[in-house]
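Enquirer: Sequence:
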Amino acid sequence: MNYRFFGRSGLRISELALGTMTFGEAWNWGAPQKESEAILDAFLDRGGNFVDTANVYTNGESEAFLGAAMGARRGRIVLSTKYTLARGSGDPNSGGSQRKNLRESIDESLRRLGTDYIDIYWVHIRDKYTPAEEVMRALDDAVRAGKILYVGISDAPAWWVSRANTLAEWRDWTAFAGIQVQYNLIERTSERELIPMAEALDLAICAWSPLAGGALTGKYLEQQTDKAKQADESSRFRVAPGFGTMMGIDTNRALAIAQAVYDTAWDLECLPHQVALAWMRQQPFQVPVIPIIGARSVAQLTENMDCINVTLSEEQMQRLNAISAITMGFPHDFAAGVLETSYGDQVEKLRPHRAVTA
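Residue 336 in this note's numbering sits at position 336 of the sequence shown, and the numbers go up by one each step.
Please keep in mind that the hints were generated in silico from the structure rather than gathered at the bench.
Only a predicted model underlies this, so the values are computations on that prediction, with no experimental measurement involved.
Hints are supplied without guarantee of correctness; some may be wrong.
[As the list claims (entries may be wrong)] Below 30 Å or equal to it, Euclidean Cα-Cα: the simulated DSS-like pairs (lysine-lysine) are: (1) Lys147 with Lys34; (2) Lys100 with Lys34; (3) Lys128 with Lys147; (4) Lys34 with Lys219; (5) Lys100 with Lys128.
[To be verified] Derived CB-CB ranges, DEER-like: (6) Pro32 with Leu339: 51 to 59 Å; (7) Ser342 with Arg192: 21 to 29 Å; (8) Ala145 with Gly10: 18 to 26 Å; (9) Asp333 with Asn309: 36 to 44 Å; (10) Ala145 with Ala299: 52 to 60 Å; (11) Met328 with Ala299: 35 to 43 Å; (12) Gln286 with Phe330: 18 to 26 Å; (13) Glu133 with Gly337: 32 to 40 Å; (14) Glu133 with Ser9: 44 to 52 Å.
Every residue, glycine too, gets a C-beta built ideally from N, C-alpha and C.
Model the full assembly from the supplied sequences, consistent with the hints where possible.
Expert: Printed below as a string of structure tokens:
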């Protein structure tokens with residue numbers, strides 16, 4: 001296991017993060033407490049230290065299971081959780097990114113996790129009704145109070161994150177050090193704005209659903225075994241079909257990409273999900289991408305973590321990049337065409353201190 005810095009900070013996080021949305025059975029597809037504890041043990045035994053949860057995962061069971069499992073090892077774990085999504089019904093302030101929900105969510109999470117501080121606290125999703133000034137000032141107050149150490153944001157547009165961090169820098173508040181984005185071979189649209197922003201601002205990139213909800217394991221392909229089909233009957237997509245629709249994986253394009261991943265795994269004599277994770281880890285961005293891997297069993301976790309032993313060739317990377325390519329849209333495609341037409345082979349001479357491609 002290697003380690004990366006969390007954005008501009010000096011905090012060291014493992015190159016793989018353990019996602020614990022699978023801890024708890026309240027949503028009918030997670031792991032029971034004993035298995036959840038075994039998953040955490042296996043992750044820590046292999047050098048992992050970055051563990052991610054949220055206050056709403058499995059209705060709070062995820063945080064409670066994690067708190068019970070950490071025990072005396074709390075100090076070696078980089079613990080992250082989130083707030084913003086509604087914690088209950090009937091209270092209009094139980095959700096959102098406003099100061100009141102932030103304060104109450106932190107205190108509830110601390111109680112469930114059995115700790116007095118959270119290493120990384122994420123805004124779970126952009127709340128368009130709460131001004132960026134209120135969010136950043138409230139987060140900074142929580143940092144100064146010692147309840148949280150670092151802050152990040154998940155599922156937010158690049159323009160809002162950039163504005164929030166600019167405000168924080170101007171006013172000497174704690175700025176976001178990382179972002180969480182949906183990113184995988186099937187869903188690459190973060191490459192348009194979010195990932196370039198992260199590179200420019202030196203933000204850590206944490207990728208949720210790196211296997212596209214299981215689509216990149218090959219279990220939806222015709223080659224899958226009867227055993228895999230049977231296991232899929234209890235998947236979150238069968239139990240909660242709306243979740244699968246939200247992920248946008250039921251398309252011909254997704255199946256074609258999954259097939260290419262499967263074929264590459266066959267060539268390398270490894271598993272498809274290891275190929276999908278290796279592709280992500282080998283992206284040539286200026287900041288590393290940390291896959292958030294989840295599992296409902298120790299065996300699943302072990303298979304996913306073995307991706308660190310898989311290296312794709314340049315040809316394999318190009319093949320996967322080609323079949324999963326997206327259009328960058330305006331203004332990116334337009335600007336690239338203008339540069340090519342206007343400057344041609346003179347583009348490199350415009351900025352000789354760094355590589356510029358059309």
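Enquirer: With reference to the structure, classify each hint as holding or not holding.
Expert: Here is what the structure says about each hint:
{"no.": "1", "hint": "Lys147 with Lys34", "verdict": "28 Å, holds"}
{"no.": "2", "hint": "Lys100 with Lys34", "verdict": "34 Å, violated"}
{"no.": "3", "hint": "Lys128 with Lys147", "verdict": "25 Å, holds"}
{"no.": "4", "hint": "Lys34 with Lys219", "verdict": "26 Å, holds"}
{"no.": "5", "hint": "Lys100 with Lys128", "verdict": "16 Å, holds"}
{"no.": "6", "hint": "Pro32 with Leu339: 51 to 59 Å", "verdict": "56 Å, holds"}
{"no.": "7", "hint": "Ser342 with Arg192: 21 to 29 Å", "verdict": "22 Å, holds"}
{"no.": "8", "hint": "Ala145 with Gly10: 18 to 26 Å", "verdict": "21 Å, holds"}
{"no.": "9", "hint": "Asp333 with Asn309: 36 to 44 Å", "verdict": "37 Å, holds"}
{"no.": "10", "hint": "Ala145 with Ala299: 52 to 60 Å", "verdict": "41 Å, violated"}
{"no.": "11", "hint": "Met328 with Ala299: 35 to 43 Å", "verdict": "39 Å, holds"}
{"no.": "12", "hint": "Gln286 with Phe330: 18 to 26 Å", "verdict": "24 Å, holds"}
{"no.": "13", "hint": "Glu133 with Gly337: 32 to 40 Å", "verdict": "39 Å, holds"}
{"no.": "14", "hint": "Glu133 with Ser9: 44 to 52 Å", "verdict": "22 Å, violated"}
Going down the numbered hints, you'll see the structure goes against 2, 10, 14, while the others check out.
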